[in-house]
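Let the hints inform the model, and build the full structure from the sequences given.
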Amino acid sequence: MEKSKKAKKTIGFLIRLCIVLAIIGSIGVSGYFIVDKVVIPSYFGKYDINGIGDLVALINLMHSTPDEKSFITHPYTSSHEQTAVAKLKDAGVPVNDGKINFDKIVEGDYIINPDAKNGLFVSDYEMAAILGQMLESGYLATYLEELSYFDTLSFTSKEVKMTPNGQMVEGENGALYSNSAEILLIVKLDTTNTQIHMAKEMDVPLFLLNLIMPDSMYLTCKYTVQINEENQYNVSDATLAINGKTPEQSQVLLNMLISFIFPKEDEMTISKLSEKFGDIVNSGLKVLGEVQFCTEKTVSGKQNGIFVSVNLDMD
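Okay, so the sequence shown: first residue is 11 according to the numbering used here, each after it adds one.
Take the hints with a grain of salt, since some may be wrong.
Unchecked claim - Using 20 Å as the maximum straight-line C-alpha spacing, the simulated PhoX-like pairs for lysine-lysine come out as follows:
no.	residue 1	residue 2
1	LYS171	LYS255
2	LYS171	LYS286
3	LYS99	LYS114
4	LYS274	LYS232
5	LYS109	LYS296
6	LYS286	LYS296
7	LYS198	LYS171
8	LYS171	LYS79
Think of the hints as simulated: they come from the structure by calculation, not from any bench.
These numbers come from a predicted model, not from an experiment.
Listed below in structure tokens is the structure:
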């Protein structure tokens, strides 16, 4: 029943979209006012699309392919990935052919190198690389039930930027530590498999979903995280945006996708979805163990990241 309702809802939206686009393509100046003020609000008002301007902005947002350099300002490289993997391997974390073995980490099937008992620093560039391997490994769907619905989505880690805030404590060599940070996460989402999955689940022709969803899009999540004494992660002020736009510019498309993808009983909202994306980074941190956010002094200046304590396991 839920599939049928969603199918009707999606097909209804697409039929209305095609009708309105056909009308827009054929009207003259005299008909513009009626379409802008009457037709579009009538068809799409519940999606916060209230005029031709909103509809055009939505279509541009859905199918524009932004230049990564215009909004990804803190990208990691293969060098960061190699350094991150080498650090974890030296600490005793299981690595096979340059890839972190998350299965063995979860199982606790490894022994920490005694030389790593004092902990290690992982920069946010390196954390982005670790997150990339975690996303590729299928860890989210396998081990984190609350994030398992991401299994149909293909993510690529593009950027993680950490800015420690709150009460800072100075440690050795002038490094500053905190249990709170502002985090920015950018992932590239390949929606090809998602469209196929949605078409099957909702009994919707695939070509119709192609009108709504581009083959790929970029998602930017910003949030503040506080780690308490029990190593619990509290997320606040989470926002989500698409293709380098602002959260406000992304709101219509996000709400529309949520209404098509998630069951009504999930009561999913942009705020809740933003927190779920924040949980992706938090899960990566928890895999490494107990962490503190850190700003270290380096030869070239300062570097933000995390300091991983001795217990590099899931317990």
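Do the hints match the structure? See the list:
Only pairs whose Cα atoms come within 20 Å are accepted, and LYS171 paired with LYS255 is accepted, the gap being roughly 18 Å. Distance restraint check for LYS171 and LYS286: the Cα-Cα separation of roughly 17 Å lies within the 20 Å cut-off, and the hinted pair is therefore satisfied. With a C-alpha separation of about 13 Å, the suggested pairing of LYS99 with LYS114 holds against the 20 Å cut-off. A hinted pair counts as satisfied when its Cα atoms are at most 20 Å apart, and LYS274 with LYS232 does not qualify at roughly 25 Å.
Our distance criterion of 20 Å between C-alpha atoms is met by LYS109 and LYS296, whose separation comes to about 18 Å. Simply put, LYS286 and LYS296 have alpha-carbon atoms about 15 Å apart, close enough for the 20 Å limit, and the pair holds. Our distance criterion of 20 Å between C-alpha atoms is met by LYS198 and LYS171, whose separation comes to about 15 Å. Between LYS171 and LYS79 the CA atoms are separated by roughly 15 Å; this keeps the pair inside 20 Å, and the hint holds.
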